[in-house]
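**Q** Sequence:
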Amino acid sequence: MLGLVSAKTTPNATPLHNSFPQNDNHIHENGNKTPSPLLKRTPSPSFSKPKIKPSKKTLQELRIDESSLDNPDLGPFLLKLAIDTMASGDNQNKALDYATRASISFEISSGPGLDLAMSLQVEAAIYCSLGRLENAIPVLERSIEVLDHKSWSDHAMAKFSGFMQLGDTYSMLGRVDRSISSYESGLKIQIETLGDLDPRVAEPCRYLAEAYVQAMQFDEAEKLCQKSLEIHREHNAPASIEEAGDRRLMALIYEAKGEYESALEELVLASMAMIAAGQENEAAAIDVSIGNIYVSLCRFDEAIFSYQKALTVFKSTRGDEYSTVASVYNRLAEVYYKTGKLRESKSYCENALRIFSKPVTGIATEEIASGLAEISAIYEALNEHGEALKLLYMAMELLKDTPGKRSMIAGIEAQMGLMFYKVGKYGEARSSFENAVAKLRASGDAKSVFFGILLNQLGLASVQLYRIHEAVEFFEEAREVLEQECGSCHSDTLGVYSNLAATYDALGRVEDAAVILEYILKLREEKLGTANPEVADEKKRLAVLLKEAGRARIRKGNSLVNLLDSSS
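The sequence shown begins at 449 in this note's numbering and counts up one residue at a time.
The set of hints was computed from the structure by calculation and includes no laboratory data.
Given the structure is predicted, the values throughout are model-derived calculations rather than measurements.
Ideal placement from N, C-alpha and C gives every residue a C-beta, glycine not left out.
Please note that the accuracy of each hint is not assured.
Simulated restraints, written as ranges between beta carbons of each label pair [what the hints assert, rightly or not]: (1) Ser879 / Glu682: 49 to 59 Å; (2) Thr765 / Glu921: 21 to 31 Å; (3) Lys705 / Gln756: 22 to 32 Å; (4) Ser805 / Asn684: 36 to 46 Å; (5) Glu835 / Met720: 33 to 43 Å; (6) Asn831 / Asp749: 24 to 34 Å.
Taking lysine-lysine pairs in the DSS-like style, the calculated list, with each CA pair at most 27 Å apart, reads [unchecked claim]: (7) Lys870 / Lys838; (8) Lys675 / Lys705; (9) Lys598 / Lys705; (10) Lys794 / Lys873; (11) Lys794 / Lys757; (12) Lys705 / Lys895; (13) Lys705 / Lys671; (14) Lys848 / Lys838.
Kindly produce the complete structure, drawing on both the sequences and the hints.
**A** This is the structure:
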């Protein structure tokens, strides 16, 4: 049978990085981790809500009238109770009860309008605070439906707020595609109402750009981030903090696209702005990002200097036990591994693990889990697979299976699957990959590059277990996803083509396998030249298949539609 290839494995690849994102706050491109500077995002901007008109009736009178929900005084009274109770933090379930009854009262007494929309948005916010995100979705959708933004300007801003709140909720559920759609609708309404250069438009642009980064749609993210930067430069003083934030996001996008010099330039400008504003900790965080760029450029001494500079600031301002200190230890461990200083690398891993094992109060579980996964990757590279798996299980236990964390859990399960695969535990590898695929499908991430690569790995594990027919299904779906996201000539897509040809060959579909290999060989000849060793190997593989098929190689170029028709 023809050989199989992993879509992300190259002969010279460093073993430190795997193909899978470990959480929604890291973007991987060509195996490099990029920590997002936007880990703790503030809620979406909302409109200025109209004041609730106080009822002229007494509390006793309203309680008597509460049996009749068409009482026009009841809605405002209940809504004020809901907001006050929610703000006090005493009894969120009671606040939800008030808000729900307020919405019903507004629906009956005044019908669709601004009061009802406001009440529904408060109700949805309480659902989110209780962790009942799925319940908030239909409530927010109803708050958007009851508004007529084309007739009333205050309705427009309320509808904008509803869409942004809906986008936040979908984002917390891990449904990035629906989150993007909601943010786009909100931004469109705000631009129609305020104009495209109003300073209030910048923040929604940033939100949408961040969502595009999570979806790995970097060109769209770059356009929106550039628009936000232009607005901030138009309305703020030079080198403002807002401009620095835009530049950090732009650097993240450039880094994900492999444009490291451009990313470095943006980070240097952002650092200068933060230093000028006296934002010492933010400047140190940017130094960490600068170190990451230096690592990508193989400028390791400069990377170590940047990391050590940031480490000094974090220790002096936050203490030795803070999570940001542990994150810098992880970066230093990675650099020392890459430079062959394994003793120093392991020492920094142990320092980071000591902090993550006994975290100080206030550190998010996602941050701890992400840190453990990063340490695990280094232990795996050091061939300490038992310790690496132990750390991944710790990370999984921290996250639990909640809807908003499914994408992050899927990344960790994929990392576990790769580890099991490398040590020959193919059953465990397949189970891990299957779980990761199921979580990504549930969270709406079934069309991403990561999903396509994961399907390829699931197919490889299935082949090792001699479940060839299932492997073909996984490879075919991976091919479809990667063709859409990367194009037919991308190395990841070609790797899946090669695996698909191998499985077709194993099932006796020799002609189908030969057609795919002819296409692969044609592309490699165009890109690498006919004398390249990879091309020579492909020719040998193709010659064997053509001999079995009883025909010669087709020299005429064919379209991909004809070559890779799934019905063949």
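**Q** Evaluate each hint against the coordinates.
**A** Evaluated hints:
1. For Ser879 paired with Glu682, a C-beta distance near 54 Å keeps the hint of 49 to 59 Å intact.
2. One distance hint, 21 to 31 Å for the beta-carbon pair Thr765 and Glu921, is violated here, with the actual separation near 53 Å.
3. In this structure the hint that Lys705 and Gln756 lie 22 to 32 Å apart at CB holds, the actual value being about 28 Å.
4. For the pair Ser805 and Asn684, the supplied restraint of 36 to 46 Å holds, since their beta-carbon distance comes to about 43 Å.
5. At roughly 41 Å, the beta-carbon separation of Glu835 and Met720 lies within the given 33 to 43 Å, and the hint holds.
6. In this structure, Asn831 and Asp749 meet the distance hint of 24 to 34 Å, their C-beta atoms being roughly 26 Å apart.
7. Between Lys870 and Lys838 the CA atoms are separated by roughly 16 Å; this keeps the pair inside 27 Å, and the hint holds.
8. The suggested pairing of Lys675 with Lys705 holds, with an alpha-carbon distance near 19 Å, which does not exceed 27 Å.
9. At most 27 Å may separate the alpha-carbon atoms for a hinted pair to count; Lys598 and Lys705 exceed this at roughly 39 Å.
10. A threshold of 27 Å between alpha carbons decides the hint, and for Lys794 with Lys873 the separation of about 26 Å falls inside it, so the pair holds.
11. Taking the CA atoms of Lys794 and Lys757, the gap is near 20 Å; set against the 27 Å cutoff, the hint holds.
12. Using a Cα cut-off of 27 Å, the hinted pair Lys705 and Lys895 holds, with the two alpha carbons roughly 19 Å apart.
13. A C-alpha spacing of about 14 Å is found between Lys705 and Lys671, which places the hinted pair at or below 27 Å, so the restraint holds.
14. Between Lys848 and Lys838 the alpha-carbon distance is near 16 Å, which keeps this suggested pair within the 27 Å criterion.
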